[in-house]
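A.B. asks: Make the full structure from the sequences, and use the hints.
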Amino acid sequence: MKLLSRKATCNSHGQDSSYFLGWQEYEKNPYDEVRNPTGIIQMGLAESQLSFDLLESWLAENPDASGFTRNGESIFRELALFQDYHGLPAFKKALAEFMEEIRGNKVTFDPRNLVLTAGATSANETLAFCIAEPGEAFLLPTPYYPGFDRDLKWRTGVEIVPIQCTGSNGFRITESALEDAYQLARKQNLRVKGVLVTNPSNPLGTALSRRELNLLVSFISAKNIHLISDEIYSGTVFSSPSFVSVMEVLLERNLANTQVWNRVHLVYSLSKDLGLPGFRVGAIYSNDNTVVAAATKMSSFGLVSSQTQYLLSAMLADKKFTKHYIFENQVRLQKRHAMLVRGLKNAGISCLDSNAGLFCWVDMRHLLTSKSFDAEMELWKKIVYQVGLNISPGSSCHCAEPGWFRVCFANMLEETLDLAMQRIKDFVVSTATKSSNTGRSHHLSSKYSARKSLSKWVFRLSFHHDSENER
Amino acid sequence: MEFSLKNEQQQLLSKMATNDGHGENSPYFDGWKAYDSDPYHPTRNPNGVIQMGLAENQLCFDLIEEWVLNNPEASICTAEGANKFMEVAIYQDYHGLPEFRNAVARFMEKVRGDRVKFDPNRIVMSGGATGAHETLAFCLADPEDAFLVPTPYYPGFDRDLRWRTGMQLLPIVCHSSNDFKVTKESMEAAYQKAQEANIRVKGFLLNNPSNPLGTVLDRETLIDIVTFINDKNIHLICDEIYSATVFSQPEFISISEIIEHDVQCNRDLIHLVYSLSKDLGFPGFRVGILYSYNDAVVSCARKMSSFGLVSTQTQHLIASMLSDEAFMDKIISTSSERLAARHGLFTRGLAQVGIGTLKSSAGLYFWMDLRRLLRESTFEAEMELWRIIIHEVKLNVSPGLSFHCSEPGWFRVCFANMDDESVRVALRRIHKFVLVQGKATEPTTPKSRCGSSKLQLSLSFRRLDERVMGSHMMSPHSPMASPLVRAT
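If you read the sequences in order, they're chains Y and F. First residue of the first sequence: 1, per the working numbering; consecutive thereafter. First residue of the second sequence: 1001, per the working numbering; consecutive thereafter.
There is no bait here: all hints are sound.
Straight-line distance between alpha carbons at most 27 Å, and here's what the computed DSSO-like set of lysine-lysine pairs gives: (1) Y/LYS223 / Y/LYS187; (2) Y/LYS2 / F/LYS1184; (3) F/LYS1303 / Y/LYS28.
Please keep in mind that the hints were generated in silico from the structure rather than gathered at the bench.
C.D. replies: Spelled out as structure tokens, the structure:
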């Protein structure tokens, strides 16, 4: 008899994908300005390290939140015992108001409709469990965040059918792409239960347009299915057009309290907007009481630590602070974004026009030796091993076209980003020089890679590449 | 085929979202609702229901609060700890902070008297023990597969092991005649029954120390169990969540000791579940631990832990606290003393009015024998008696039926979640109840039923029942409106 379950022995966790392999290589040889200046620079991690100083100064000014006290009195015991899956009321209220603020107060959120979860990872899985049976499907626009394969499919048995988006129109969602996906699912005998979008998009960094949102609402209305809008990056919109939540569109169309209203659910988290991924703060917002009730019970499997809820309830309730933080953080993101775009442009590389997120969707199609995913993998390996940058290949995001890469810009020091840009420039120059000079095969030997001790990395990396992948 | 609108609406959600698999609609939770709508308070509501259905450990918070005050660097938010804030706040590696894993492994060793070693690399985080159990079910079993579990057992297992996984739990029936011990015969019988029903048994779920019994398993039984699972090539999941709540003899023996010293077995079959919710009284912090001797399970469970990682803010605090070994030694021994004192206070108080309890040496509760107070030896009679205890005596205790006990008349009573004064009030109420019932006799004296008082009680029970059935609202007094949140 097989000792383990099918889930334990299959690959649906998705962690053998290249998205994660790049991380593994980074971990074996991480860049450090002093200790490992030739190491791999991590640009595959959608994290923001830009605004911790703001959080730290708030903490310094608010000793109560930090130290398990309220008005100087210890509430340790109360917090240590608090495991109600309805969550700390003060925290949910503050979180709901924070979400409203990010949406320019154009929508209101009732804290009773918020369900706290262990990160957006858990929120998405929980919604999948609540909405779909094993074997049913969600439609997702491509390219999409690789973690969805694990979050939506692995333990739930639910399928994902792609809504193919292409570079020809900036990867926007079209009516025909939606319909094609729906039909594709039908052909595969998969019953579609909903559409899941990430808005702003990961990996594109673009906020969905009103047109796309209206299309989505009409589509799910006609098909009588759900819409999950993962708005985890909603606070990272740093330039116009400003963020429009699907909830806003529903209100505009007078759809409040209709059946469609009950089929739209939001996912949120503080991992990106506040830069606190370690604290595991996720949330589901739904207008459907059955979903709220079921998801609340399921949250038992991944509640948010009461210690963390308490800290954040104080922080988010400080409206002066949150207003200032959101604004300042966006200013810094915009600056970084501009730096990356400029640096890439300098190397003859363009990006998809974007106004949100912690990354850019970079067009390296012209650097491919052929228009294929094999060529994309080849290029990716060069960039990881020779150039020393961990970026994410489009194929890991299920992109329909080869040659696109997601490059993160907010998880490093400015100097490191500068260095990364320099390395890319050098790489592109040397590639161009080589192919124009000799027309040799696309395998670059380490001799031709950029200066500094690149060959040292190549040797080290190819030695490790053969060893067991152990995370 | 035409669907009514309601059918269509229901079809929009999964069966999981709309069925009863979460287990919260069982009448068991009426007790909680009664407490929530009328919670005891010494001054504000002295006639309210005393909560004795909540297995929480509140006895050592004074020591812990003092430690927290004296160790500000354990919090990343204080001036002393803030230099670690960013590093901790962005750390989302599902391996967990190394210092956290090391400290937890060391603490687990300490609780077992340093008789075994734990490898920090086998420590996997989970959303409480709740999350650990579900994760193990996902890793070890496919839908329709089954685990065997000795009765009586913690009601939450029904949700944790079965709800979203599609697994089954099959009982290994244990009896009071031998103090509810697991026997070779009962294990074999349960296994055979499954075979006959064509159900594939994938594992054996054990809770040691036991909830609700409060007993620790003896070495011989543990060896029998390990031998059994090894022979059948099925997994052993041992939930040792109460391992540091042992307050008297006999001592706790962990499964880790058995496989190390007493019997050879295939270690790929052995998995532990642990948490800090009971031993330290930190259920709010959601520190669940899965420890497996099987590399593939560690690997898979670790990937699944993404669905329920421990907040790094909490990992940091716990790492600091648990690595203060002198302090932890003090906590373990003080907790033990205080639990012993409480347990003794209650069991002696009950014995005074002829109420017996199962002899136990661990846990935050005891298993109370009210068989002789039953109108008849049925579960209906148990439920009747239970409703009287809730509504008349005003104590929320947990009926054996909810723990899948095979014999009516047993109740689990928690004692570590209240202060001393509440203990005295509770004992007074029990004494009064037993006296009124005319059943205050020595345990050896045969009792006769008092008809008229029974009638009186059942009338008042009906009146109160109506009031309670209507209250589904959150109590303004209690922040904890939902019963299944607390591990029962």
